[in-house]
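Participant: Model the full assembly from the supplied sequences, consistent with the hints where possible.
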Amino acid sequence: MILRKQHRVLIFGITGKQGTFWGAEMIKYGTNVVGGVNPRKAGQDHLGLPVYASASHAARDLDFHTALFFVPPAACKQATRDACEAGAKVIICLTEHIPVQDVMEMITIARLNGTQIIGPNTAGMVTPGEAFAGIMPGFNNKVFKEGSIGVISRSGSLGTLVCLNLVQSGFGQSTFYGIGGDPIIGTDTREALKHLYEDEKTKAIVICGEIGGMAEEEASEFARTIDKPVVAFIAGKSSPEGKKMGHAGAIVSGNSGSYKAKRSYLEKNGIQVADIPSQVPGLLKSNDELRLQ
Numbered sequence: 001m002i003l004r005k006q007h008r009v010l011i012f013g014i015t016g017k018q019g020t021f022w023g024a025e026m027i028k029y030g031t032n033v034v035g036g037v038n039p040r041k042a043g044q045d046h047l048g049l050p051v052y053a054s055a056s057h058a059a060r061d062l063d064f065h066t067a068l069f070f071v072p073p074a075a076c077k078q079a080t081r082d083a084c085e086a087g088a089k090v091i092i093c094l095t096e097h098i099p100v101q102d103v104m105e106m107i108t109i110a111r112l113n114g115t116q117i118i119g120p121n122t123a124g125m126v127t128p129g130e131a132f133a134g135i136m137p138g139f140n141n142k143v144f145k146e147g148s149i150g151v152i153s154r155s156g157s158l159g160t161l162v163c164l165n166l167v168q169s170g171f172g173q174s175t176f177y178g179i180g181g182d183p184i185i186g187t188d189t190r191e192a193l194k195h196l197y198e199d200e201k202t203k204a205i206v207i208c209g210e211i212g213g214m215a216e217e218e219a220s221e222f223a224r225t226i227d228k229p230v231v232a233f234i235a236g237k238s239s240p241e242g243k244k245m246g247h248a249g250a251i252v253s254g255n256s257g258s259y260k261a262k263r264s265y266l267e268k269n270g271i272q273v274a275d276i277p278s279q280v281p282g283l284l285k286s287n288d289e290l291r292l293q
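Residue numbers (the working numbering): 1 to 293.
The set of hints was computed from the structure by calculation and includes no laboratory data.
Just so you know, not all the hints are guaranteed correct.
As a list, the in silico EDC-like pairs of lysine to aspartate or glutamate whose alpha-carbon atoms are at most 16 Å apart [said to hold, decoys possible]:
id	residue 1	residue 2
1	K268	E217
2	K77	D45
3	K203	E146
4	K77	D102
5	K203	D188
6	K237	D275
7	K89	D63
From a predicted model like this one, the values you see are computed outputs, not experimental measurements.
Facilitator: Pasting the structure below:
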């Protein structure tokens, strides 16, 4: 799934501080926000939109495609069940520090209902010129502008930096795909890569990866089978072994998930890897396939 202007968004936690701020920015940008959920403020209006006790109640009055979560960790499992049963096709879960057992149940509930989860611990999605959902500054034209480069990132801050570098170098993005930094997530790098490969607007793809896990390696196996250029940056080159760095998923045990192992694996599968984020645009500009488009 790539977020589009026509996708109708229901915001869980719309009346909170973060839900209010980002909800207002999303609406101003053009995101099709249709309502919110807060059981304690059901029946009220907020940001000019109706607030419901649950997604199931909201579904009686309106259709929605995407559920966006600004809710505490303990509430995420029930919110997932509610959103899925109400017919949400996609859940974007911004929340971090959700218990692992709850995340596993959330993903199971979603799969049983045919719903895609993006996150947890994602910064959200941005489709420049159309819509954004989450806490990425989609409205900042120094960071995001319409273009043809798809960006996948575990990290919101790293993704923002890479997008800034792209814009400064004359590129724009087709979409930013924040998959989340937890060890268990609903949409992994490979799946996000597949969505961008299938997107006609996307001509090349940047993977912003991190040490830990095997997500980038698995994505590179798919990348070597497609005809779109893919380049990458892997964060954590100087991290010590066995120490968690920032994200819960960024931990190295032995050689598995190490910077050296990841870089070697990606390059073996034909993906150029930048030493620092500012080198990413140069790798794209040097790509013959991209220059011919």
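Participant: The structure should be examined with respect to each hint, and the outcome stated for every one.
Facilitator: Against the structure, the hints come out as follows:
no. : hint         : result
1   : K268 to E217 : 10 Å, holds
2   : K77 to D45   : 25 Å, violated
3   : K203 to E146 : 12 Å, holds
4   : K77 to D102  : 6 Å, holds
5   : K203 to D188 : 20 Å, violated
6   : K237 to D275 : 9 Å, holds
7   : K89 to D63   : 11 Å, holds
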